[in-house]
Amino acid sequence: MGNKLPIHYVTKLMSSPDVLARGMRQVLRKRAAEWLDYRRDDGYSRPPAQLGFKLVNACNLRCKMCGQWGETGYNFSRPSAELKEIVPLATYQTLLDDVAPFKPWLFVWGGEPFLYPDIMPLLTYMKQKGLTISISTNG
13 MGNKLPIHYV TKLMSSPDVL ARGMRQVLRK RAAEWLDYRR DDGYSRPPAQ
63 LGFKLVNACN LRCKMCGQWG ETGYNFSRPS AELKEIVPLA TYQTLLDDVA
113 PFKPWLFVWG GEPFLYPDIM PLLTYMKQKG LTISISTNG
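Numbered per our numbering, the sequence shown spans residues 13 to 151.
Just to be clear, a hint being listed does not mean it is correct.
[Stated by the list, open to error] Label-pair restraints from in silico Cβ distances:
1. Val111 <-> Val31: 16 to 24 Å
2. Ala33 <-> Gln140: 14 to 22 Å
3. Gly151 <-> Tyr56: 18 to 26 Å
4. Asp109 <-> Pro129: 16 to 24 Å
5. Pro100 <-> Lys139: 13 to 21 Å
6. Lys66 <-> Gly142: 18 to 26 Å
7. Gly55 <-> Ala33: 27 to 35 Å
8. Thr23 <-> Ile98: 34 to 42 Å
9. Val31 <-> Gly64: 18 to 26 Å
10. Gly64 <-> Pro100: 16 to 24 Å
11. Val111 <-> Asp54: 17 to 25 Å
In case anyone wonders, no lab produced these hints; they're calculated from the structure.
Backbone N, C-alpha and C fix where the C-beta goes; we use that ideal spot for every residue, glycine too.
Start from the sequences, fold in the hints, and give me the full structure.
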């Protein structure tokens, strides 16, 4: 069963040339990079087109279908100290400084990413770097 986007979402996307153009560039870049990576002779691959940021393991819900906290979620068997660990904002900022020139698409997720204590300063910093952000939340 495939996912279908609601028509009003597609209409908004098509009317936003900046988002549409950025998405098209990402797709073309990915396809070209796959082809070129095998033909480089310097031993290096292209920089990543997408980066995922799992900010926290914490979640305020327990959805049955969730792979992390659902009935068969993998977080139940992990030590609680490990589940409470978070990466400091300064570490994320340093990482973003390093990758911003490559303009990757950022995917922010977690348990619930809005439970990360510095979520707003982090998102602001990502936008200041001119990066495109996608957030997966239960909100």
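We went through each hint and held it up to the structure:
{"no.": "1", "hint": "Val111 <-> Val31: 16 to 24 Å", "result": "20 Å, holds"}
{"no.": "2", "hint": "Ala33 <-> Gln140: 14 to 22 Å", "result": "20 Å, holds"}
{"no.": "3", "hint": "Gly151 <-> Tyr56: 18 to 26 Å", "result": "39 Å, violated"}
{"no.": "4", "hint": "Asp109 <-> Pro129: 16 to 24 Å", "result": "21 Å, holds"}
{"no.": "5", "hint": "Pro100 <-> Lys139: 13 to 21 Å", "result": "19 Å, holds"}
{"no.": "6", "hint": "Lys66 <-> Gly142: 18 to 26 Å", "result": "23 Å, holds"}
{"no.": "7", "hint": "Gly55 <-> Ala33: 27 to 35 Å", "result": "32 Å, holds"}
{"no.": "8", "hint": "Thr23 <-> Ile98: 34 to 42 Å", "result": "38 Å, holds"}
{"no.": "9", "hint": "Val31 <-> Gly64: 18 to 26 Å", "result": "19 Å, holds"}
{"no.": "10", "hint": "Gly64 <-> Pro100: 16 to 24 Å", "result": "18 Å, holds"}
{"no.": "11", "hint": "Val111 <-> Asp54: 17 to 25 Å", "result": "20 Å, holds"}
Violated hints amount to a single one, hint 3; each of the other numbered hints is respected by the structure.
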